[in-house]
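Going down the list, the protein sequences come from chains R and E. Heads up, the first sequence is in numbering that gives the first Met the number 0, so the first residue is 0 and it goes up one at a time. Heads up, the second sequence is in numbering that gives the first Met the number 0, so the first residue is 0 and it goes up one at a time.
If you're looking for bench data, these hints aren't it; they were derived computationally from the structure. It cannot be assumed that every hint is accurate.
Put simply, identical chains are the same to the list, so a pair is met inside one copy or across any two.
What the hints assert, rightly or not - Below, computed lysine-lysine pairings styled on DSSO-like, alpha-carbon distance capped at 27 Å:
#, residue 1, residue 2
1, K197, K144
2, K138, K5
3, K197, K177
4, K46, K100
5, K177, K5
6, K2, K138
7, K100, K2
8, K149, K100
9, K144, K177
What you are looking at is a predicted structure, and each value in this text was computed from that prediction instead of being measured.
Number of protein chains: 2
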Amino acid sequence: MNKIGKYEFIAEPFHCDFSGHLCLGHLGNHLLNAADFHATGRGFGMKHLLGIHRAWVLSRLAIEMNEMPQQLEHFNVETWIEGAMRYFTQRNFEIIGDNGKVYGYGRSVWAMIDTETRQPADIFAIDDGAINHFIVTEKPCPIEKGDRVKMGNQAELVRTIDVYYHDIDINGHVNSIKYIEHVIDLWVIPWYRVHQIKRFDIAYVAETHQGDQLHFYREQTGDLTYCIRLVKTDQNTLQDTEVCRCKIQFT
Amino acid sequence: MNKIGKYEFIAEPFHCDFSGHLCLGHLGNHLLNAADFHATGRGFGMKHLLGIHRAWVLSRLAIEMNEMPQQLEHFNVETWIEGAMRYFTQRNFEIIGDNGKVYGYGRSVWAMIDTETRQPADIFAIDDGAINHFIVTEKPCPIEKGDRVKMGNQAELVRTIDVYYHDIDINGHVNSIKYIEHVIDLWVIPWYRVHQIKRFDIAYVAETHQGDQLHFYREQTGDLTYCIRLVKTDQNTLQDTEVCRCKIQFT
């Protein structure tokens with residue numbers, strides 16, 4: 000079995016934005032699908048893990064693009080595991096066209112949890128450390144690793160939304176991609192007419208449920224760089240908790 | 000070329016709801032993709048039409064389901080043209096599993112417009128009435144045609160939302176599927192724990208742009224049947240205009 004998985008996708012018309020380019024959230028969804036296809040083919044996919052009370056949890060995702068696929072363009076997502084530690088693995092992505100054109104890259108960090116205790120679980124305990132057979136160190140992923148998103152106290156509350164039915168996935172939480180979409184929606188189309196997203200970083204901290212409220216705090220940290228802290232108000236306790244942090248860089 | 004097109008899809012994890020079933024909006028998206036694959040293969044797809052200043056505009060869509068595909072299930076969408084008139088065609092859909100299981104059906108009505116004048120255009124003028132070679136009358140679509148959604152004046156304003164970046168497609172309007180998703184979001188997860196959507200009808204009237212506001216007026220018209228009128232407030236004129244009407248039937 001090849002250590003690197005390659006999966007073909009198409010930029011569907013309804014997944015493209017006003018400019019006819021694939022939306023970053025839908026690309027992120029394709030990356031997560033590719034990750035699960037790759038893991039499933041090698042014996043550590045979600046379905047198998049759930050049977051032994053384990054699950055992958057996405058901890059960080061960074062996507063950096065030269066260019067977005069256009070409507071109806073075919074493209075491939077290559078994915079591989081760069082490294083594994085006891086509680087975390089690093090998985091990388093390359094988004095390339097049939098002609099070899101490189102659209103961009105992704106980096107992600109995944110934790111494994113015990114689905115009963117919700118505590119971190121030992122990745123090497125799965126099939127006697129089988130994941131070590133799939134580590135690829137020779138394929139480059141020439142984008143920076145995601146740093147911790149540092150934010151001060153100057154971040155401004157720019158939007159509050161309610162969490163609805165469509166935000167929630169089978170785990171009962173807001174799905175990882177929906178946060179990205181809500182953050183991207185903080186800017187308007189006239190902005191996107193003259194700016195593209197160069198890089199998007201997200202680090203997940205806590206889970207959000209239907210009925211919670213999500214608050215978006217935004218801080219400009221560079222010429223075209225913004226950091227966003229998402230905070231939820233729990234519907235039962237009315238307590239505020241940080242849910243995730245994002246950094247978005249435009250060109 | 001077979002008159003009936005058949006396209007395979009998979010219920011992607013992030014397109015499934017809390018219950019692990021494909022969301023109706025994503026199914027609708029697959030139907031629209033199947034429609035364009037079918038039309039493209041037969042010489043009247045969107046890409047070809049845009050070159051001659053024509054476009055298909057979805058006028059009505061009805062989806063009626065026995066059961067929704069579950070996470071990671073493969074399913075097929077069969078689509079065919081039931082009839083064509085000068086300004087409208089009826090296109091049907093059957094959603095079936097590899098094992099022949101019928102998940103449900105869809106019906107749609109499409110108009111053709113001149114993309115320069117935005118006026119209705121003659122469908123039979125395309126390649127000398129070529130569409131007539133693809134009409135299928137012998138394949139049944141055993142769900143009712145969509146009636147006009149009749150609503151009184153008792154409908155209650157239940158939600159107002161702003162139109163964001165992700166609502167807008169390459170035509171610069173709110174995409175057909177997003178309306179469906181926003182309507183479905185009017186109900187909460189505890190409701191969907193005990194009710195499934197049996198049938199969803201939508202009739203499109205006018206276009207919405209980024210910056211407009213969308214108001215949802217809801218009226219209960221049967222035991223488990225609701226009609227929803229969407230009205231936009233145009234950001235420039237501040238005028239209210241009806242955008243679409245939906246009917247949603249639960250079981």
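Here's how the hints hold up against the structure:
no. : hint          : in the structure
1   : K197 <-> K144 : within (15 Å within a copy, 46 Å between copies)
2   : K138 <-> K5   : within (13 Å within a copy, 38 Å between copies)
3   : K197 <-> K177 : both (19 Å within a copy, 26 Å between copies)
4   : K46 <-> K100  : between (33 Å within a copy, 23 Å between copies)
5   : K177 <-> K5   : within (25 Å within a copy, 31 Å between copies)
6   : K2 <-> K138   : within (11 Å within a copy, 46 Å between copies)
7   : K100 <-> K2   : within (21 Å within a copy, 36 Å between copies)
8   : K149 <-> K100 : neither (33 Å within a copy, 52 Å between copies)
9   : K144 <-> K177 : within (22 Å within a copy, 34 Å between copies)
Going through the hint list in order, the structure does not satisfy hint 8, though it satisfies all others.
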